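Let's have the full structure, built from the sequences with the hints guiding it.
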Amino acid sequence: MNRKEAKKINQEIRESGIISNEIYEFLEKEIDLLLEEELREEKSRVRHKISALFNDNYFQASDFFKQSLQISY
Numbered sequence: 001m002n003r004k005e006a007k008k009i010n011q012e013i014r015e016s017g018i019i020s021n022e023i024y025e026f027l028e029k030e031i032d033l034l035l036e037e038e039l040r041e042e043k044s045r046v047r048h049k050i051s052a053l054f055n056d057n058y059f060q061a062s063d064f065f066k067q068s069l070q071i072s073y
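Note that this note's numbering has the sequence shown beginning at 1, numbered continuously upward.
Hints are computed from structural coordinates only; laboratory data are not their basis. Among the clues, some could well be false.
What the hints assert, rightly or not - In silico PhoX-like pairs for lysine-lysine, Cα to Cα no more than 20 Å straight-line: (1) Lys8 <-> Lys29; (2) Lys29 <-> Lys7; (3) Lys29 <-> Lys49; (4) Lys43 <-> Lys66; (5) Lys29 <-> Lys66.
Unchecked claim - Label pairs and their in silico Cβ distance ranges: (6) Glu12 <-> Ser62: 38 to 44 Å; (7) Asp56 <-> Asn21: 46 to 52 Å; (8) Phe64 <-> Ser20: 44 to 50 Å; (9) Ile23 <-> Arg3: 33 to 39 Å; (10) Ile19 <-> Glu41: 26 to 32 Å; (11) Lys4 <-> Phe64: 27 to 33 Å.
Keep in mind it's a predicted model, so treat the numbers as computed, not measured. We treat Cβ as the ideally placed atom computed from N, Cα and C, and that holds for glycine.
Printed below as a string of C-alpha cells:
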C-alpha cells in the first residue's frame, strides 16, 4: 500500500466518525513512520542489487545509484 492509499483510508475512517481526532493524528504519524521505514528498506534492497550487478564495485554502483535517483526526481 502506498502512502496516498493509507492516508485516504485513514481519512475515510475519520470522516465516518468512528475515531477521534487524537486517534486520527496518531494513525497519520504511524502511517508516515511505517511507510518511511519501508522506503528505507526498499532503497537498501535496491542498493544491494545494484552493487551485485556491478560485481560489488561500490564506486560504480554508487555513481549509478546517484544518477538513477536524480533521474527519478
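Assess, step by step, whether the Cα of Lys29 is no farther than 20 Å from the Cα of Lys7, and give holds or violated. Measuring from Cα to Cα gives roughly 10 Å; hence the hint holds.
Could one say that the CB atoms of Lys4 and Phe64 fall in the range 27 to 33 Å? Since the Cβ atoms of Lys4 and Phe64 sit about 29 Å apart, the hinted range of 27 to 33 Å holds.
CB-CB spacing for Arg3 and Ile23 relative to the 33 to 39 Å hint: 19 Å Cβ-Cβ, so the 33 to 39 Å window is violated.
Is it true that Phe64 and Ser20 lie within 44 to 50 Å of each other by Cβ? holds (48 Å)
20 Å limit on alpha-carbon distance, applied to hinted pair Lys43 and Lys66: With Cα atoms ~12 Å apart, Lys43 and Lys66 stay inside 20 Å; holds.
Pairwise beta carbon distance, Asp56 to Asn21, judged against the given window 46 to 52 Å: The hinted range 46 to 52 Å holds for Asp56 and Asn21, with Cβ atoms some 50 Å apart.
Holds or violated: Lys29 with Lys66, Cα cutoff 20 Å? violated (29 Å)
CB-CB spacing for Ser62 and Glu12 relative to the 38 to 44 Å hint: Once the Cβ atoms are compared, 42 Å apart, the range 38 to 44 Å for Ser62 and Glu12 holds.
With the threshold set at 20 Å, check whether the alpha-carbon distance from Lys8 to Lys29 stays at or below it. holds (14 Å)
Within a Cα-Cα threshold of 20 Å, do Lys29 and Lys49 meet the stated pairing? It is violated: about 30 Å lies between the C-alpha atoms, which goes past 20 Å.
Note whether the CB distance of Ile19 and Glu41 lies within 26 to 32 Å or breaks it. holds (28 Å)
The structure is inconsistent with the numbered hints 3, 5 and 9, although it conforms to all the rest.
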